[in-house]
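Undergrad: In the order they appear, the protein sequences are chains A and B.
Taken in order, the first sequence gives residues 894 to 1195; the numbers are from the numbering used here.
Taken in order, the second sequence gives residues 9 to 305; the numbers are from the numbering used here.
For the record, the hints were derived by calculation from the structure and aren't laboratory data.
Check before you lean on any hint, since a few could be wrong.
Each pair of labels, with its calculated beta carbon distance range [claimed, not checked]:
(1) A:Gly1131 x B:Ile35: 50 to 60 Å
(2) A:Asp1046 x B:Pro90: 52 to 62 Å
(3) B:Val99 x A:Arg959: 46 to 56 Å
(4) B:Ala36 x A:Asp1046: 56 to 66 Å
(5) A:Val1026 x B:Leu139: 28 to 38 Å
(6) B:Val113 x A:Glu980: 35 to 45 Å
(7) A:Gly992 x B:Ile35: 26 to 36 Å
(8) B:Gly246 x A:Pro998: 39 to 49 Å
(9) B:Leu292 x A:Gln1190: 16 to 26 Å
(10) A:Gly1131 x B:Gly246: 42 to 52 Å
(11) B:Ser106 x A:Glu1152: 16 to 26 Å
Some chain B residues well away from chain A (every beta-carbon gap over 10 Å; in silico) [unchecked claim]:
(12) Val48
(13) Ala77
(14) Ser106
(15) Ala109
(16) Leu117
(17) Pro125
(18) Arg133
(19) Leu154
(20) Pro155
(21) Glu157
(22) Leu183
(23) Pro278
(24) Ala298
(25) Ala302
Think of the CB as a built atom: it goes at the ideal place given N, C-alpha and C, for glycine as much as any other residue.
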Amino acid sequence: MAIGWLSRLAAATPPPVFAAVGPGLLPATERLLARPTLRRCGSPREAAILLVAGTIPEPAGAALDRVHDQLPHPRASFDWDGGGDAEAAIGALWRGLLGGGASEPDRLPDEPPNSWRGEGDHGQGGEGMMGGVPYGRPMAMTGDDLRDGLSLDLYTARIGPFAPMLPPGLQLSATLQGDLVVTAAVARPPFEQPAEADAPEACAARLLRLLGLGGDADRLLRGGRPRGLGALAAIPTGLAADAQGGDARARLRAWLGGEMVDVVCPDPGDLLVGLEWHEATLALASFPPSALRRATQAAEAA
Amino acid sequence: MSATLPLLVLLTLAAGAWLAAWLDRLIATGRIEPLAPLRVGAALLLRQRVTTEAPDAMNWRLAPAWYLALAAVGLSVVPFAPGAALIDSPVGIVVWGSCEALTVVTVFLHGWSPNAPFPLIGAYRYAAIGLPVMLPSMFVLIAAALPAESLSLVAVVESQREAWNLVRQPLGLPLFLLVGLTLTLRGPFDYADGEDLAGGTSAEDSGPGRALWQLARLAMLVAFSAMAAAVFLGGPLGPWLPGPVWLWLKTAGIMALTVAAGHWLARTTPGRMLTLLWVGLLPLSFLHLAIAGALAL
Chain A
894 MAIGWLSRLA AATPPPVFAA VGPGLLPATE RLLARPTLRR CGSPREAAIL
944 LVAGTIPEPA GAALDRVHDQ LPHPRASFDW DGGGDAEAAI GALWRGLLGG
994 GASEPDRLPD EPPNSWRGEG DHGQGGEGMM GGVPYGRPMA MTGDDLRDGL
1044 SLDLYTARIG PFAPMLPPGL QLSATLQGDL VVTAAVARPP FEQPAEADAP
1094 EACAARLLRL LGLGGDADRL LRGGRPRGLG ALAAIPTGLA ADAQGGDARA
1144 RLRAWLGGEM VDVVCPDPGD LLVGLEWHEA TLALASFPPS ALRRATQAAE
1194 AA
Chain B
9 MSATLPLLVL LTLAAGAWLA AWLDRLIATG RIEPLAPLRV GAALLLRQRV
59 TTEAPDAMNW RLAPAWYLAL AAVGLSVVPF APGAALIDSP VGIVVWGSCE
109 ALTVVTVFLH GWSPNAPFPL IGAYRYAAIG LPVMLPSMFV LIAAALPAES
159 LSLVAVVESQ REAWNLVRQP LGLPLFLLVG LTLTLRGPFD YADGEDLAGG
209 TSAEDSGPGR ALWQLARLAM LVAFSAMAAA VFLGGPLGPW LPGPVWLWLK
259 TAGIMALTVA AGHWLARTTP GRMLTLLWVG LLPLSFLHLA IAGALAL
């Protein structure tokens, strides 16, 4: 009884969607999720619908399954090729779930990603109570801080390919100390996207979202003007400098003015070391997706 | 009056949380949907509460409850009518100050307990930002207590019969708004739950647990707004209308201002914000206190 009442109340909310974006569909997905009738989720835990946009290349298949299994029940996934009325289809899926429709089961077995490979009395690995990779899970280990030499915890992890703060497809192997990037290497480059993904409003929207102006990002994607204050001032000067003498702030200024930006992105590994994580995500989003992809491919080839 | 005070506090928290969620949606989307907060809450209650591997389960469950309790305790020292607060403490400002400090601990626990990297980074970031924000808060509140010569909020309200503290100490409310944005994890001061961390301390929250945390955030916004209304806008003082109505109106005004600032101001990187806080805002708040002290002499 109470559940039926709650379901009816909830059915009118925009469906909470987490997007796993494949090659070619970044601009279409961004425009779709900017609509007020869908709710873009920053974490799979918040979502009920997993939007799988495009064909996900096989190396990222296991990561997609892991993201899928992180959605709480009841959940459904929606494979989208960029056509049709995706909004209506997602809405129907959401109402179906609330109406007692079947929830998708886990795709992966609920067990650790790796077998137990440890050292020490309890197989924990590392030294003493720290470090090691028990069951394939990296544990923190102390190391020197890049900035002041203090010995603090280092944590190495692979982030991506569907991490919402990184370009789709990009998988970083990064060592973090707190939120300072100590080492970074590109494990997989971002997926190829159409030229539309480099459009000024799309590029500006990605940066505005990382600056906490999600409403403005959606307005830009719907063809409106941003209303927020302080976006340019919020980006540190000199962040992510390019060979032409520009920086992240200058590129955002150009994008907000409706200009295309054509720059060469430095090797992302070098670009990110020494930045805080927030700065690192801003630095990556401050290059057009095509420039970032070229830079990661060049780094891979080297 | 005293018998109805517990009810007034609960009613203000509940209705205020709904109003805050509604304002949030109105300012974000421009849509007038009074039922939207209840609908979103219902959608969350129907979802599974997922847990992570080896979390600190007790603190994960307790963090939203602490946050709600701190909002309720903070609101309980605010006078709803001249001379009438649920807890008429002679050190009401200190009680509120401890709620602020414990909020930092609560948000830290919320990020610590899921045993996951992004929530943990959000937790440490918030603790780093929280400390230098709490210091200006204390200076600003002590400055507001000087004309009253008391740390009691009832006395602070009484001291504003001639002129509101907003007029006597114009820097106070803007500085206190920064504290409000921090306490309620909003906009330019939301260093706990940023987009660069996939939701930070809330990244692993789902279902009813997420609903409760979001409700607690809104309740803290109500408590903060009522406190700001009492300290800077004379709280329940005003002509014609009863005291509680004046307090509600002023609280709603502060709430709208805080929600709008949260949506319209960009958030800079944590390192730059720390510099801004320690080098800019902390000396400014001390100067504010020194001026208020000189005027009170």
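Undergrad: The structure should be examined with respect to each hint, and the outcome stated for every one.
TA: Taking the hints in turn, this is what the structure says about them:
The hinted range of 50 to 60 Å is not satisfied by A:Gly1131 and B:Ile35, whose Cβ atoms lie roughly 33 Å apart. The beta-carbon spacing between A:Asp1046 and B:Pro90, approximately 53 Å, falls within the hinted interval of 52 to 62 Å. A hinted range of 46 to 56 Å holds for the C-beta pair B:Val99 and A:Arg959, which are about 51 Å apart. Range check, B:Ala36 to A:Asp1046: Cβ separation about 37 Å, and the 56 to 66 Å hint is violated.
Judged by the Cβ atoms, the range 28 to 38 Å given for A:Val1026 and B:Leu139 holds: they are separated by roughly 34 Å. The beta-carbon spacing between B:Val113 and A:Glu980, approximately 42 Å, falls within the hinted interval of 35 to 45 Å. Taking the beta carbon of each, A:Gly992 and B:Ile35 are about 32 Å apart, inside 26 to 36 Å as hinted. Between B:Gly246 and A:Pro998 the beta carbons are some 59 Å apart, a value that contradicts the proposed interval 39 to 49 Å.
Separated by about 49 Å at the C-beta atoms, B:Leu292 and A:Gln1190 break the suggested range of 16 to 26 Å. Checking the proposed 42 to 52 Å range against A:Gly1131 and B:Gly246 shows it holds: the Cβ atoms sit about 51 Å from each other. For the pair B:Ser106 and A:Glu1152, the beta carbons lie near 51 Å from each other, so the given range of 16 to 26 Å is not met. Distance check on B:Val48: its Cβ comes as close as 5 Å (rounded) to a Cβ of chain A, failing to clear the 10 Å threshold; non-interface status is violated.
With a least beta-carbon separation of about 24 Å from chain A, B:Ala77 lies farther than 10 Å from that chain, consistent with its non-interface assignment. Once the 10 Å rule is applied to beta carbons, B:Ser106 is consistent with being away from chain A; the minimum gap is 27 Å. In this structure B:Ala109 is separated from chain A by more than 10 Å, as the shortest Cβ-Cβ distance comes to about 22 Å. The claim that B:Leu117 lies off the interface holds: its Cβ sits roughly 18 Å from the closest Cβ of chain A, which is beyond the 10 Å cut-off.
Its closest Cβ contact with chain A, about 6 Å, brings B:Pro125 to no more than 10 Å, contrary to its assignment away from the interface. With a least beta-carbon separation of about 7 Å from chain A, B:Arg133 fails to lie farther than 10 Å from that chain, contradicting its non-interface assignment. A cut-off of 10 Å between C-beta atoms confirms that B:Leu154 is not in contact with chain A; the least separation is 32 Å. With a cut of 10 Å on Cβ distances, B:Pro155 stays outside the contact zone with chain A, its closest approach being about 33 Å.
No beta-carbon of chain A is positioned within 10 Å of the beta-carbon of B:Glu157; the least distance is around 39 Å. The non-interface label for B:Leu183 is consistent with chain A: the shortest C-beta to C-beta separation is roughly 17 Å, beyond 10 Å. In this structure B:Pro278 is not separated from chain A by more than 10 Å, as the shortest Cβ-Cβ distance comes to only about 6 Å. Non-interface status of B:Ala298 relative to chain A is upheld: no Cβ of that chain comes within 10 Å, the nearest being about 28 Å off.
Against the 10 Å criterion, B:Ala302 stays outside the reach of chain A, whose nearest CB is about 33 Å from its own CB.
Going through the hint list in order, the structure does not satisfy hints 1, 4, 8, 9, 11, 12, 17, 18, 23.
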